[in-house]
Every structure is written in structure tokens, then in C-alpha cells.
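As they're listed, the protein sequences go chains Z and D. Here our numbering is used: the first residue of the first sequence is 1, the next is one more, and so on. Here our numbering is used: the first residue of the second sequence is 1, the next is one more, and so on.
Treat each hint with caution, since some may be false.
[As the list claims (entries may be wrong)] Rough simulated footprint, nothing fancy, chain D against chain Z, three-plus residues with beta-carbon under 8 Å: (1) 28-42; (2) 82-88; (3) 103-117; (4) 131-138; (5) 264-277; (6) 326-336.
[What the hints assert, rightly or not] List of simulated lysine to any residue pairs, SDA-like, C-alpha gap at most 25 Å: (7) Z:Lys410 with D:His247; (8) Z:Lys342 with D:Leu112; (9) D:Lys186 with Z:Leu285; (10) D:Lys263 with D:Lys48; (11) Z:Lys92 with D:Leu24; (12) Z:Lys342 with D:Lys186; (13) D:Lys48 with Z:Met361.
Just so you know, these hints were derived from the structure itself, not from any lab. Where a beta carbon is used, it is the ideal one built from N, C-alpha and C, also for glycine.
Next come the chains, spelled out residue by residue.
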Amino acid sequence: MIEFKNYTLDNGLRVIIHQDESTPIVAVNLAFDVGARDEDPEMTGLAHYFEHLMFSGSKNAPDYDIHVQNAGGQNNAFTSNDYTNYYVTLPKTNLELALWLESDRMFQLNLDEKSLEVQRQVVIEEFKQRYLNQPYGNNLAQLRALTYKDHAYKWSTIGKEISHIEKVTLDNAMAFYKQFYAPNNCILSICGDVNIEETEAMVLKWFGDIERSTIERPTKVVEPKQTSERFEEVTEDVPLNAFLWSFKMGSKTDGSFAVADLTSDLLGRDESSFLHQKLAIELKLVSNISAYVSGDRDPGMLIISGKLNEDVSFESVEKEVWAIINQVKSECVSAFELTKVKNKFETAHIYGEMSVMNKAMNLGYAELLGDVNGINTELSEYEAVQVEDIKKWAGQFLTEENVCRLHVKKESNE
Amino acid sequence: MLKKKVMNRSIAPAVNNEVQLTKLQVEKSTINGVEVNYVNGGSSPLLKLELVYNAGSKYQDQALVASLAFDLLRDGSKKLNGKAFKEAINGLGVYYGMDISKDFGTFSFYVLEKNLDALLVLIKDLIIAPNLPENEFDRLLQKEKNNFLVDLEKTDFLSRQKFAEVLFAGSEYGRVAHAESFDLIKYQMSVEFIQQHVIEAPFDLFVSGCISDQVKTRLNSFAKELPITKEGAKKIAKDSSPQIGEHIIKKDSEQCSLMLGKKMVNKHHKDVHNVSITNTLLGGYFGSRLMQNIREDKGWTYGIHSTVLTYENAANLVISADVLKDKGPDTLNEIKLEIEKLQTELIKVDELEVMKNYLKGKLLKSFDGAFEQVDRFFSVDSFGLDWTYYDRYIEALENITPEDIRATATEYFKWDEFVIVRVSGEI
Numbered sequence: 001m002i003e004f005k006n007y008t009l010d011n012g013l014r015v016i017i018h019q020d021e022s023t024p025i026v027a028v029n030l031a032f033d034v035g036a037r038d039e040d041p042e043m044t045g046l047a048h049y050f051e052h053l054m055f056s057g058s059k060n061a062p063d064y065d066i067h068v069q070n071a072g073g074q075n076n077a078f079t080s081n082d083y084t085n086y087y088v089t090l091p092k093t094n095l096e097l098a099l100w101l102e103s104d105r106m107f108q109l110n111l112d113e114k115s116l117e118v119q120r121q122v123v124i125e126e127f128k129q130r131y132l133n134q135p136y137g138n139n140l141a142q143l144r145a146l147t148y149k150d151h152a153y154k155w156s157t158i159g160k161e162i163s164h165i166e167k168v169t170l171d172n173a174m175a176f177y178k179q180f181y182a183p184n185n186c187i188l189s190i191c192g193d194v195n196i197e198e199t200e201a202m203v204l205k206w207f208g209d210i211e212r213s214t215i216e217r218p219t220k221v222v223e224p225k226q227t228s229e230r231f232e233e234v235t236e237d238v239p240l241n242a243f244l245w246s247f248k249m250g251s252k253t254d255g256s257f258a259v260a261d262l263t264s265d266l267l268g269r270d271e272s273s274f275l276h277q278k279l280a281i282e283l284k285l286v287s288n289i290s291a292y293v294s295g296d297r298d299p300g301m302l303i304i305s306g307k308l309n310e311d312v313s314f315e316s317v318e319k320e321v322w323a324i325i326n327q328v329k330s331e332c333v334s335a336f337e338l339t340k341v342k343n344k345f346e347t348a349h350i351y352g353e354m355s356v357m358n359k360a361m362n363l364g365y366a367e368l369l370g371d372v373n374g375i376n377t378e379l380s381e382y383e384a385v386q387v388e389d390i391k392k393w394a395g396q397f398l399t400e401e402n403v404c405r406l407h408v409k410k411e412s413n414e
Numbered sequence: 001m002l003k004k005k006v007m008n009r010s011i012a013p014a015v016n017n018e019v020q021l022t023k024l025q026v027e028k029s030t031i032n033g034v035e036v037n038y039v040n041g042g043s044s045p046l047l048k049l050e051l052v053y054n055a056g057s058k059y060q061d062q063a064l065v066a067s068l069a070f071d072l073l074r075d076g077s078k079k080l081n082g083k084a085f086k087e088a089i090n091g092l093g094v095y096y097g098m099d100i101s102k103d104f105g106t107f108s109f110y111v112l113e114k115n116l117d118a119l120l121v122l123i124k125d126l127i128i129a130p131n132l133p134e135n136e137f138d139r140l141l142q143k144e145k146n147n148f149l150v151d152l153e154k155t156d157f158l159s160r161q162k163f164a165e166v167l168f169a170g171s172e173y174g175r176v177a178h179a180e181s182f183d184l185i186k187y188q189m190s191v192e193f194i195q196q197h198v199i200e201a202p203f204d205l206f207v208s209g210c211i212s213d214q215v216k217t218r219l220n221s222f223a224k225e226l227p228i229t230k231e232g233a234k235k236i237a238k239d240s241s242p243q244i245g246e247h248i249i250k251k252d253s254e255q256c257s258l259m260l261g262k263k264m265v266n267k268h269h270k271d272v273h274n275v276s277i278t279n280t281l282l283g284g285y286f287g288s289r290l291m292q293n294i295r296e297d298k299g300w301t302y303g304i305h306s307t308v309l310t311y312e313n314a315a316n317l318v319i320s321a322d323v324l325k326d327k328g329p330d331t332l333n334e335i336k337l338e339i340e341k342l343q344t345e346l347i348k349v350d351e352l353e354v355m356k357n358y359l360k361g362k363l364l365k366s367f368d369g370a371f372e373q374v375d376r377f378f379s380v381d382s383f384g385l386d387w388t389y390y391d392r393y394i395e396a397l398e399n400i401t402p403e404d405i406r407a408t409a410t411e412y413f414k415w416d417e418f419v420i421v422r423v424s425g426e427i
């Protein structure tokens, strides 16, 4: 149970404060409600590119990083399809410095051509390092594009193509900043050995006078229901054939997420999972195989992927994957199996509550999803899942009409 | 409508840079040849257990033996194995790893206190009589071979492999897998490795988290009941003769991978802390000279990092980056210039202060909680050192001067002692 105080400033900034007396470190997390899903389809990758630009410094703190370092802090950020998250941890005595820094870059960011150009190049190198210069690095992006026809989840946070990043202008970046980097689009969470009243006063002092923005998001696109299987094959310079499947599923908040997540765990979380036991160990068809859910605010994906052993056909692998799925759909898994994945979830959940940084991040994310209290109900939601729920969920979502299959075929040497 | 107040933001809140490091008491004892270490702190019901054996890759006679041996241990014991073992251990909600480094083979477990007893039964059977089936070995070998084929496509992997070979030439530390290693390794070698280094061999046990007396009693009797008949014997890896200079591998790719470095002093050396601090300045944090120059000023890379790595019988500096594919030689030149700058110019007091403050905060965070502290403790205990190592580090941090940094850079970062690996499509 994590206790916290939450409230909203007049300008719309949502604030969550959690006291943890056991640590000398304080964590400050800012979750901005903007991600790749809010991008113009012709300028994808902007949300992530902009995350880099947020470190360009602000009016009163021209060098963000130096201030953090000088306060003994560490900071980083990430962008997802759904949101953009910034966090800093530092010795608890320096909390106010972090609030000053974060408020200043929300108040007035320094953006200029130099940082725009340098970060453009850095982001393009990140695109290459993480996606293009890695075998299989781009396959998940290909699976997205196959799975979503209309919804903005069809592109990855890094962007659809490098050319989109190449054409971002300073005006584009400024407009993006003005709209999305405002208090009414942000959740500030603070965890550590802090005095709640003093912290509230500090938050008001530094964030209270920042003005709201008017946010106009692109009209929300609802992905049409998939009615038949989709298939694509790509040929790449890779050493082994690989397959990636997606099944469309619900959102993180539609009430069935725990069932979906536990189903993916049963199928392919670890080496005791159904798919790994059968396909990797027993039949030796694949060298690795896994299943997981994407966990998104809009309807997401359950993904199954694996690499084929040499001289094994796609057909024989996929036949066995279906056999496992059909088994989960036709008969209930054992109570032991379900308890196993619940226990693993419990361990991970408790581990996640051990650092103030995780707690600050999780509190912000729970609020972003709609209710900060979700952080304390999550475990019981997982505990409540029954074997019948798994069977029913699998029957509804793990169907042939709902699958998108991607084959990654290695180039033949001839 | 909100009225905008005019608030003076130009004055930054004051920063306090005093660091009070709270080091947990480590309770150390030897039970039946097992070195037991308790790092007790916090209130979470989660415990971390680590069994550390003298069974790292330096103990193997050829590549892959140790890593496959430890992989094979994942199959469980003679009593409970294969699917049944994996179901049992995962059924307890345990997260576990069986990993090797250059020096050690380690079993690690994250377990809720309520499941500790059941886990200890599994561990005991596993280390007394592991199953080690040959067909599972064959499967794992195939899997490793597949992973290796994938890795060979990665320029950063190629640079890392080559770097280890040329830096640690002549030493066990420089032995890496090649395609032919997969034909040379035999099942029996990995089995013998386990028989020699794990079964009935002594180990160090590190336990961290909220350790109640009950937990201690349980763990003490676990250690006491094990049949341990072997003597703990540490192997000393041979000293290496680095192949100084540039080694180039041609590989068509989107980026050029660089890895360069040299031998460095180890944790026992009096200058180790000054070396570490100087390295941080060069490339050990976001504000470092290399990161600011190559990423933030030139935009040639997503990241460039410099690290000092220490092993039981060696230590080295390593600088690595994936850069624009035609910027490999230019980046190397910039690295050389940055090192020369450290050797000739005195660092400005402001820059030094910022870095010191950053390192103090980082140190504080690295001692936040029992799981963090056990890692810090292990990294000195395994060198026969104790907590006072960190006191000396803080002292060095407080006292280091611009002149010390220039002297350290001059003595320990000599460019003509570097081995350089460049993997690139363009030569």
C-alpha cells in the first residue's frame, strides 16, 4: 500500500506526493500527456525528438544537465506511444532545485537552431543504432504497421522514417512545446523523505504561475475491427528466420488487462511457459520464443515472437503455436499454472515498490491512466483473475480473424 | 483567467552537497566453508540471495564451457528437473539467474520471504546433484550458436569481441567464442566444469533485504547441511600483452562501432580513485568531455562512454561508441585530443566542482537500500577489501585537485598504450 497526497493546482497541474522516510534520495517525475499517438502522420517521431530538445536548457537554467549534476542528481527521460516521461533523482536536500529546473523548462524552454540540428543528428543516430543497425531491429515497427491501419500506434516512437525527423523545423518544435508542455498536460509526482506541507508550498511557488495551454489533439482515430487474418513476409539480411504475431486486445484500462497480461505470461513469459516448454524445449523448433502484451492506453497488442531453428519451417512452428493457443481456449489452465504467473507478478510488483524512482514513475503513470489509486488496486486485480477468465479471454481475442503474422525470412545465399 | 505573476526565477535554490553515507552493517561468518554475508536493511518482504562460486570464464579451458555449464544448471536437480523444476521455481514467484562473469559463476534469486524455505530446498538439491542432461546441453548449444549468428551481425558485438582478444592477449580473460568454438566444445567439458567448480565446492553467500532472525536461522542451517568437501581455490589469470594499435574489421553497416582502451590499475592500487574520477571527467557521465564533444556538440553519436572495469587479476579502461559511419577516424582523433587536453590543461574549478557533486550524489544513490548496498559490498569484498574503500573514495573526491587530474591523465591515459578496434563498412 502506497500512501500519497494528490491534488490539482489552479493551472491544471496534477501533483502527487508520497513520503518514504527510508531513503536519502528524492525522486521527481513529470509525465506529460503527449506521445507518438499525438503526432501528425507526416511528422512522426516528433514527440521523441522533442524529448531530446527538452534538455536544451531554459531561460534561467541555460544548462539543465549541469544543474542536475551539480546537485548530485541523475536524470533521464523516455517517450512511448502514449506519453513522455522525465525523471530526476537527487539527494533529498536538493528537492527544490529539481522543482525549479523542471518548472523553468516548462515555463520557458530555450530552443535554437544549434540544439535542433545537433539533436536531430543524435536522434537519427539513435534510429540507426537501435533499429536499423541491429538484426531484427525494425521488425516490431513492421508488425505495428501491419496491425494498425488507421490508429497512430501504426508507427513507433522513433518515427516512421528518418525523413520525418529531417523535416522538423524550429517552428514545428515550438508549436509542439507550447501546446503540450503546459501544467494542464502534466502530472508531477514526488517521492522521498519529504515534508508534505513544505513540498506543496515549493510546488506552488515554482509551478503555480505557469499558464495553461489550449490543447488540440488530432481527432481520435478508432482502429476498425479486424475481420480476417493479415500476413506479411519480409526478406532481410538476418541469420535465422523469425516470426512475430500480434493479436489486437483491449486497452490498459478497460478492465480486462490483468487477464490479458496473465494470459501472455502463461503463454510465454519465462522458460516454464507453455510456448517455451513445447516449442523450444520439447520440439526444438525455435531457439527462443516469448509472449507479452504492449499495455497501451488505446487498444493494444498481445505479441508472440520467436526465432526458428535452422531447417524448421514456419508452418511447423505456427501449427504448434496454434495448438497451444487452442488448448488454452478449449480447457482451463490448471490452478497451479495460474498461481505461478500471479506469484511472479507479485514478486515483480513488490520489487517495483522498492525504489522511490519507480514509485514516482508508477504513481504518475497510474494518474495518467485515469486514477492514481490504480497503483494500490493493481495487485488485487491480478489476484482476482480466475482460470475461467483466461479461457474466456483467449477465446475472444486469440482467434484467426484477429491475428497479424509477420515472417522475417533470411536472404538466401544463392 | 489566470493572472500571471512576475516571479523571480533567476536565482536557483541553494544546493547542499554534503553526503552522509549510511553503510549497513554487514554480518559476516563462515559456516561449513560457506562465507555467509548478511546485508540487513529495509522493510520489504523481498529478499535477494546470491551464491557466488569461483567458476567464472577464466577457469575454463576453452570458450563456452562455463557459460553452457551454468545454462545447463537451469534444468534443475536429479530429484526435480526439466519442466517440473522450472514450474516449481517459477511457481514460487522467484526471479533467478545463473550467470558467469570472467571471475565468478553466480546463482541469484529474488524471493519473497514466505517462499524462502521452499526455494532453499530446490537450491540445495540443485547444487548437490544437478541433473545436467546431454540432450538439454545439445539444445542449449544450438541456441547459443543461433544467438552467436545474430550477434555476428552486430557491429558493437564484433568490436567487443575483438577488443577483449587484443587487450587481453595471452590471458584467460581474452578468450572469446569463435565459430569453431561451437564444434570444439563437448558436453563432457561442461559437466566436468560443474563437478570441479560447483558440486561440493565452497561459495560465498550474499543475502540482502529485511533479514529476520528466523531467516538467518534458516539460511545458517542451509549452509551447515551442505556437503562441502573441496577447498576454495582461486585461479590467477595470466597477465596479458595487449596488441597496441588499431585493429580494423570491415563490416557493411549503418554505423561504425569503436571500442578502445588500455590496461588500468586495480582496486588495490593507491591511485584507483583518482583514475576513476579522471575517467568520469573524460567519458563517465553525461557532462563528460567526450559526451559533450561527440554527442552534444557534433551529433555524431547517440552515446559515447568511458568506463574502468576491474577483474580479480586485471583492470582496464574502455571507451565505446557507435558513430556516423564515416566518422570513425574523426571520432578517434577527437578522443585523442580530449585525452591530450586532460594531460596538458588544468580543469577549471567550476567543471571539477560539478563533477564532484555529481559523483557524491551518485554514490549516495548507489547506497540506497540493501540490494544496492550488497552490490557495493560485493565489489569490494571480492577483492579482499571492505567498506573503508568507499571512505577512501570520498576522501579522494574531496581532495582531488586539477593538478592531480592532469597528473593522473598523463600517467594512466597514455595514447600510445591504447588498443583500438574499429568496425566499419568504410575503411
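Each hint tested on the structure:
With a threshold of 8 Å between beta carbons, the proposed coverage of the region 28-42 of chain Z by chain D is violated, since 0 of its residues qualify and at least three are required. With a cut-off of 8 Å between beta carbons, the region 82-88 of chain Z has 0 residues touching chain D; three or more are needed, and the interface restraint is violated. For the region 103-117 of chain Z, the proposed coverage by chain D is satisfied: 4 residues have a C-beta within less than 8 Å of a C-beta in that chain, meeting the threshold of three. Counting residues of the region 131-138 of chain Z whose beta-carbon sits less than 8 Å from any beta-carbon of chain D gives 5, enough to reach three: the coverage restraint holds.
Look at the region 264-277 of chain Z against chain D: 4 of its residues bring a Cβ nearer than 8 Å to a Cβ of that chain, three or more, so the hint holds. Residues of the region 326-336 of chain Z lying with their CB closer than 8 Å to a CB of chain D number 1, which falls below the three-residue condition for coverage. Straight-line distance between C-alpha atoms of Lys410 (chain Z) and His247 (chain D) comes to about 30 Å, which puts the hinted pair past the 25 Å bound. Taking the CA atoms of Lys342 (chain Z) and Leu112 (chain D), the gap is near 13 Å; set against the 25 Å cutoff, the hint holds.
At most 25 Å may separate the alpha-carbon atoms for a hinted pair to count; Lys186 (chain D) and Leu285 (chain Z) meet this at roughly 22 Å. For the proposed pair Lys263 (chain D) and Lys48 (chain D), the alpha carbon gap of about 33 Å is over 25 Å, so the pair is violated. Taken as a hint, the Lys92 (chain Z) and Leu24 (chain D) pair is honoured in the structure, with Cα atoms around 19 Å apart against an allowance of 25 Å. Distance check on the hinted pair: Lys342 (chain Z) and Lys186 (chain D) sit about 39 Å apart at the alpha-carbon level, beyond 25 Å; violated.
Among the hinted pairs, Lys48 (chain D) with Met361 (chain Z) is consistent with the structure: their alpha-carbon atoms are about 23 Å apart, no more than 25 Å.
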